[in-house]
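Put together the whole structure using the sequences plus the hints.
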Amino acid sequence: EAQVTQNPRYLITVTGKKLTVTCSQNMNHEYMSWYRQDPGLGLRQIYYSMNVEVTDKGDVPEGYKVSRKEKRNFPLILESPSPNQTSLYFCASSSPGTDTQYFGPGTRLTVL
Amino acid sequence: AQSVTQLDSHVSVSEGTPVLLRCNYSSSYSPSLFWYVQHPNKGLQLLLKYTSAATLVKGINGFEAEFKKSETSFHLTKPSAHMSDAAEYFCVVRGISGGYNKLIFGAGTRLAVHP
Chain P
-5 EAQVTQNPRY LITVTGKKLT VTCSQNMNHE YMSWYRQDPG LGLRQIYYSM
45 NVEVTDKGDV PEGYKVSRKE KRNFPLILES PSPNQTSLYF CASSSPGTDT
95 QYFGPGTRLT VL
Chain Y
24 AQSVTQLDSH VSVSEGTPVL LRCNYSSSYS PSLFWYVQHP NKGLQLLLKY
74 TSAATLVKGI NGFEAEFKKS ETSFHLTKPS AHMSDAAEYF CVVRGISGGY
124 NKLIFGAGTR LAVHP
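Residue numbers (my numbering), protein chains in the order written: chain P, -5 to 106; chain Y, 24 to 138.
Hints listed in this document are in silico derivations from the structure and should not be mistaken for laboratory results.
All residues carry an ideal CB built from backbone N, CA and C; glycine is no exception.
Possibly wrong hints are sitting among the right ones.
[What the hints assert, rightly or not] Label pairs and their calculated CB-CB ranges:
(1) P/T94 with Y/A135: 38 to 44 Å
(2) Y/K92 with P/K59: 37 to 43 Å
(3) Y/Y52 with P/T94: 29 to 35 Å
[What the hints assert, rightly or not] Non-contacting residues of chain P with respect to chain Y, defined by C-beta distances greater than 12 Å in every case (computed):
(4) R38
(5) N67
(6) N78
(7) L82
(8) L106
Here you go:
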């Protein structure tokens, strides 16, 4: 089954404790993105990647890092999480020249 | 720059009545537009998309949307609401950033369906 998976699905952590949210897709897509969803703001892009070792900032990159060492994986790293990063995070993937992005199930992060 | 504005943050309808979720877009070129749905505690599902073909686009679950360039609108409709339609709906325009097809989301419209 074609899918995007994220882990963990739920995470509660404390300020300053480094964490990583993993994202993996099995559709051989070149493009991958991370979004955060906040009430009244819709989804906003954090980082995106056009291929292995090619990443760039989206609209709200502050406080986040990403890496793309393999085509299927695109982890999101919070080196020192803060309460304003409490949010619902989505990973997405797509192929060049197509209009459809496939979204993961989401990761709900709470930073205390 | 591309943007979308969803005109209603909440819409409430009775089961069996029509649904109208409004979206206006802004784009400096011919846009690609989408509607996504998010059911409670679920991920995002593509309902339909417009990519400069037919202006009336049919999607899944009986939804459709009409692209009106003169009004810069892309409203989502359904003739008869079902309880299972209760969800949050996002109007989305495709933006271009460094050659990457970025999705720009509206703030969302929460649809409630009452018996």
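Hints and how they fare:
{"no.": "1", "hint": "P/T94 with Y/A135: 38 to 44 Å", "result": "violated, 28 Å"}
{"no.": "2", "hint": "Y/K92 with P/K59: 37 to 43 Å", "result": "holds, 41 Å"}
{"no.": "3", "hint": "Y/Y52 with P/T94: 29 to 35 Å", "result": "violated, 20 Å"}
{"no.": "4", "hint": "R38", "result": "violated, 7 Å"}
{"no.": "5", "hint": "N67", "result": "holds, 18 Å"}
{"no.": "6", "hint": "N78", "result": "holds, 18 Å"}
{"no.": "7", "hint": "L82", "result": "violated, 10 Å"}
{"no.": "8", "hint": "L106", "result": "holds, 21 Å"}
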